[in-house]
Amino acid sequence: MERAIFALNDMDYGDFAEAEVITDNLASELRSALIPKKSDPFRTYTPTLFEVLEVLKNKYNLSDDAVESGYTLKKFLHDTYEFDDETIEFLRESAEYLVVELSSFLGQNYHVT
Amino acid sequence: MSPEKSRIITELKTREFDWSKIAEQTSQIILFGSWAISAQCEFSDIDLLCVGEGSRFKSSLLDIVWRSPQQLLADKWLGSELANHIAHYGLWLHGRDDWGSKVYYSEQALLFKRRLIRSRFSALFRLWPTLSPAYRQKHVVKLRRDIQRLALIKSRSPMKPSPLLDREWIDSSPSVAHLIDILKRSNESSLLKASDLEVTSQFILAPDFR
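First to last, the protein sequences are chains A and B. The opening residue of the first sequence carries number -16 in our numbering; numbering runs sequentially from there. The opening residue of the second sequence carries number 78 in our numbering; numbering runs sequentially from there.
Worth flagging that the hints you see were computed from the coordinates, not collected in a lab. Hints may be right or wrong, so weigh each one.
Unchecked claim - Restricting the straight-line Cα-Cα distance to at most 27 Å, the calculated cross-link-like pairs of lysine-lysine (DSSO-like) are:
{"id": "1", "chain 1": "A", "residue 1": "Lys57", "chain 2": "B", "residue 2": "Lys261"}
{"id": "2", "chain 1": "A", "residue 1": "Lys57", "chain 2": "B", "residue 2": "Lys215"}
{"id": "3", "chain 1": "B", "residue 1": "Lys219", "chain 2": "A", "residue 2": "Lys57"}
{"id": "4", "chain 1": "B", "residue 1": "Lys153", "chain 2": "A", "residue 2": "Lys58"}
{"id": "5", "chain 1": "A", "residue 1": "Lys57", "chain 2": "B", "residue 2": "Lys237"}
{"id": "6", "chain 1": "A", "residue 1": "Lys40", "chain 2": "B", "residue 2": "Lys135"}
{"id": "7", "chain 1": "A", "residue 1": "Lys40", "chain 2": "B", "residue 2": "Lys153"}
{"id": "8", "chain 1": "B", "residue 1": "Lys135", "chain 2": "B", "residue 2": "Lys90"}
{"id": "9", "chain 1": "A", "residue 1": "Lys40", "chain 2": "A", "residue 2": "Lys21"}
{"id": "10", "chain 1": "B", "residue 1": "Lys219", "chain 2": "B", "residue 2": "Lys135"}
{"id": "11", "chain 1": "B", "residue 1": "Lys237", "chain 2": "B", "residue 2": "Lys215"}
{"id": "12", "chain 1": "B", "residue 1": "Lys215", "chain 2": "A", "residue 2": "Lys58"}
{"id": "13", "chain 1": "B", "residue 1": "Lys135", "chain 2": "A", "residue 2": "Lys57"}
{"id": "14", "chain 1": "B", "residue 1": "Lys179", "chain 2": "B", "residue 2": "Lys215"}
{"id": "15", "chain 1": "B", "residue 1": "Lys215", "chain 2": "A", "residue 2": "Lys21"}
{"id": "16", "chain 1": "A", "residue 1": "Lys58", "chain 2": "B", "residue 2": "Lys261"}
{"id": "17", "chain 1": "B", "residue 1": "Lys261", "chain 2": "A", "residue 2": "Lys21"}
Required output: the full structure, derived from the provided sequences and hints.
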């Protein structure tokens, strides 16, 4: 899990494919660690990181700011057609913020499951 | 207006697309992606290019890309993969095509696609063990489509929508060897480094490659 979170810090924000795999990997890890299979609303669907964060907000009160950062990542990673400097900066800020929020959240809740 | 266009505009209205308002604000509205070739499935969103001033909108129902009239005539747009795709497969719902004959593949489009393939390979190589099977499958499909698209760019062929790429793949006895062959035929086999082959061989296990 830690590796998945800190991969967000290390990723190349201008590299769409890498960012997409890294955020999906974190979504995958969070989902399997914190969303019990019985109450997993996604089943065979592959949710984005944002969608997983929304579930964590409802289930464990993950902060709105973390969810919003996840939304920003989702919004820009969907825009595969172009990747300018402004987008990269938005991604970097959102990812860094999310790392802080998730680290704090998991510090308190990782034992929840 | 053709029955097909009327049907799509009706569908757009059910998806809360304000047709009258946006048609007033734009000189062209072009349908592209799976709906433009009638290959949509139950969950397909509707892809639109609107020519005018607006910002990207993306939901599970609609994906709207905006370009200003000035941007449409710039090399950045005309040389892009998306412009190539829309020029060949797009359906003009509003306005007239005044740029489609000018599209080409720029060096940037080629470099971007190479970079995309290389970086997805690299990220998959690192994260493959922790990615769940469903996510593996998702990215393997994306990787395969990008390799197909790279081959289209190299051969200066029209950029096909994803459903057509998928159909071609299924019809072509899909295998990793076939994928490598596509890269070789496009003189792009250097995209696969020795380390990537380890991941590539694992792709055989992914359902898309069976």
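Hints, one by one, checked against the model:
| no. | hint | verdict |
| --- | --- | --- |
| 1 | Lys57(A) <-> Lys261(B) | violated, 34 Å |
| 2 | Lys57(A) <-> Lys215(B) | holds, 16 Å |
| 3 | Lys219(B) <-> Lys57(A) | holds, 17 Å |
| 4 | Lys153(B) <-> Lys58(A) | holds, 22 Å |
| 5 | Lys57(A) <-> Lys237(B) | holds, 25 Å |
| 6 | Lys40(A) <-> Lys135(B) | holds, 22 Å |
| 7 | Lys40(A) <-> Lys153(B) | violated, 40 Å |
| 8 | Lys135(B) <-> Lys90(B) | holds, 16 Å |
| 9 | Lys40(A) <-> Lys21(A) | holds, 18 Å |
| 10 | Lys219(B) <-> Lys135(B) | holds, 19 Å |
| 11 | Lys237(B) <-> Lys215(B) | holds, 19 Å |
| 12 | Lys215(B) <-> Lys58(A) | holds, 18 Å |
| 13 | Lys135(B) <-> Lys57(A) | holds, 10 Å |
| 14 | Lys179(B) <-> Lys215(B) | violated, 34 Å |
| 15 | Lys215(B) <-> Lys21(A) | holds, 23 Å |
| 16 | Lys58(A) <-> Lys261(B) | violated, 35 Å |
| 17 | Lys261(B) <-> Lys21(A) | violated, 46 Å |
When the structure is compared with the earlier hints, violations turn up for hints 1, 7, 14, 16, 17 and for no others.
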